[in-house]
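2 protein chains.
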Amino acid sequence: MTAAEIKFVKSLSQKKFRDQYGLFAVEGEKLVAEALASSFEVVNIFRREEIGEKAMERISSLSSPSPVLAVLRQKNTGPAGLPSNGLYLALDGIRDPGNLGTILRIADWFGLDGVYASEDTVELYNPKVVQSTMGAIFRVNYSVTSIPTLCREVRSFSGRIYGTFLDGENLYSKVLDSGLGSPSLIIIGSESDGISPGVASEINERLFIPPYPAGASGSESLNAAVATAVTVAEFRRRQHA
Amino acid sequence: MTAAEIKFVKSLSQKKFRDQYGLFAVEGEKLVAEALASSFEVVNIFRREEIGEKAMERISSLSSPSPVLAVLRQKNTGPAGLPSNGLYLALDGIRDPGNLGTILRIADWFGLDGVYASEDTVELYNPKVVQSTMGAIFRVNYSVTSIPTLCREVRSFSGRIYGTFLDGENLYSKVLDSGLGSPSLIIIGSESDGISPGVASEINERLFIPPYPAGASGSESLNAAVATAVTVAEFRRRQHA
Numbered sequence: 006m007t008a009a010e011i012k013f014v015k016s017l018s019q020k021k022f023r024d025q026y027g028l029f030a031v032e033g034e035k036l037v038a039e040a041l042a043s044s045f046e047v048v049n050i051f052r053r054e055e056i057g058e059k060a061m062e063r064i065s066s067l068s069s070p071s072p073v074l075a076v077l078r079q080k081n082t083g084p085a086g087l088p089s090n091g092l093y094l095a096l097d098g099i100r101d102p103g104n105l106g107t108i109l110r111i112a113d114w115f116g117l118d119g120v121y122a123s124e125d126t127v128e129l130y131n132p133k134v135v136q137s138t139m140g141a142i143f144r145v146n147y148s149v150t151s152i153p154t155l156c157r158e159v160r161s162f163s164g165r166i167y168g169t170f171l172d173g174e175n176l177y178s179k180v181l182d183s184g185l186g187s188p189s190l191i192i193i194g195s196e197s198d199g200i201s202p203g204v205a206s207e208i209n210e211r212l213f214i215p216p217y218p219a220g221a222s223g224s225e226s227l228n229a230a231v232a233t234a235v236t237v238a239e240f241r242r243r244q245h246a
Numbered sequence: 006m007t008a009a010e011i012k013f014v015k016s017l018s019q020k021k022f023r024d025q026y027g028l029f030a031v032e033g034e035k036l037v038a039e040a041l042a043s044s045f046e047v048v049n050i051f052r053r054e055e056i057g058e059k060a061m062e063r064i065s066s067l068s069s070p071s072p073v074l075a076v077l078r079q080k081n082t083g084p085a086g087l088p089s090n091g092l093y094l095a096l097d098g099i100r101d102p103g104n105l106g107t108i109l110r111i112a113d114w115f116g117l118d119g120v121y122a123s124e125d126t127v128e129l130y131n132p133k134v135v136q137s138t139m140g141a142i143f144r145v146n147y148s149v150t151s152i153p154t155l156c157r158e159v160r161s162f163s164g165r166i167y168g169t170f171l172d173g174e175n176l177y178s179k180v181l182d183s184g185l186g187s188p189s190l191i192i193i194g195s196e197s198d199g200i201s202p203g204v205a206s207e208i209n210e211r212l213f214i215p216p217y218p219a220g221a222s223g224s225e226s227l228n229a230a231v232a233t234a235v236t237v238a239e240f241r242r243r244q245h246a
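Chains A and B, in that order, are what the protein sequence lines are. Last residue of the first sequence: 246 in my numbering, with the numbers rising by one and none dropped. Last residue of the second sequence: 246 in my numbering, with the numbers rising by one and none dropped.
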């Protein structure tokens, strides 16, 4: 591996260069195997056995470099039209890479039809996001778009828009529409500020995950990914039932 | 603030010195306010207004130092006896500080009676754990203990031991005992290796969170904190119903 190649792969840890080249890196035998089986174009693969331990350490974003790293071509995550049905997430400013990765795993596990993210959500191809998806990045439909515009699209299809609020209604006693006839959108607020005011005004189904015992909790909130999981699991539980 | 004081507070970012002094630090106005309202002993408080921006930057573990930092006395997290009823979590090797913090928020929100952690679980007073609990650390009963020994205690009370497995039974069709008559323990496996073999053999109630659609999922697992949340929420949903 030449010094120029090392520099090139290493540069993909920075958003500026990921954007410039339209590429990103994934590391680890499991993730690289999933990449190869996915619809993503694999541009190059570097194996420790071939390039040596030192080169691997230099191109890796991990504290303990894995035996293999693949460079993949990014897919277009530009605004995509909303289908006329399905269950979707809209991320209104998720900032933590681990949270975004965890949310993609949730979307994958619970078979959501897609995830829409606001412009101020952490970038999908950030190495920490990619690694924490554990491969879900290869399977989940993902698009960066304006959430208020998306909400208007949902309404044009007579769909429903859900969000969790501390003064919302009990998740377990609400009718939950899984989007079989028209699109349903679940809005996830940012870790620090929750759902932004411009988006909150679009939500017509305000949910609340009841603490236990009901009404009594010193804690003010659940982590964004946890609230997503409990909400999405309840939509799917009703369909299994 | 003297150089010696700065060095002392800064040293609390290392486990070695936290253990030696039996102290830990919390940062941020909300967390410090919760610390003051809690049963934890507050040893010292440092405010940016008083000590200056530079000193604050030096003692802070955060990338953007908050206006206030408090030094607290640790509580004993040594092995504690198991009460004769209640719903508990047992953490079998959680390594990620953010996951541990998130799990404590879940335990707080859903009113669990306590959390037991194995020796190889990340330390409770690690700054990243403390900050990610968002205050739950001040309210949740927490004890470090041997999980197999704990399981034997649960059995001596005729309690139940739950865990999630890829070949477990559907969470939504199982009887779930919330521990009103005897203790119920939910085991949470480590992020990379799941539940360890010595603990898995103690579990008599094997659960599985069904993906959607049932039986079909490319994804292999949910994040440890997410699986905890979906499982605990289901125990509590049954009690609300």
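Hints are computed from structural coordinates only; laboratory data are not their basis. Keep in mind that a hint or two might mislead.
All copies of an identical chain are treated as equivalent in the list; a pair is satisfied when it fits inside any one copy or across any two copies.
[Unchecked claim] Here are the simulated DMTMM-like pairs of lysine to aspartate or glutamate, each with C-alpha atoms no more than 25 Å apart in a straight line:
(1) 35 - 198
(2) 133 - 196
(3) 179 - 10
(4) 179 - 239
(5) 59 - 125
(6) 59 - 182
(7) 21 - 125
(8) 80 - 239
(9) 80 - 174
Here's how the hints hold up against the structure:
no., hint, verdict
1, 35 - 198, "between (35 Å within a copy, 14 Å between copies)"
2, 133 - 196, "both (17 Å within a copy, 15 Å between copies)"
3, 179 - 10, "neither (55 Å within a copy, 54 Å between copies)"
4, 179 - 239, "both (10 Å within a copy, 16 Å between copies)"
5, 59 - 125, "neither (36 Å within a copy, 30 Å between copies)"
6, 59 - 182, "neither (53 Å within a copy, 53 Å between copies)"
7, 21 - 125, "within (16 Å within a copy, 39 Å between copies)"
8, 80 - 239, "neither (31 Å within a copy, 37 Å between copies)"
9, 80 - 174, "neither (38 Å within a copy, 37 Å between copies)"
Hints 3, 5, 6, 8, 9 from the list above are not met by this structure, while the remaining hints are.
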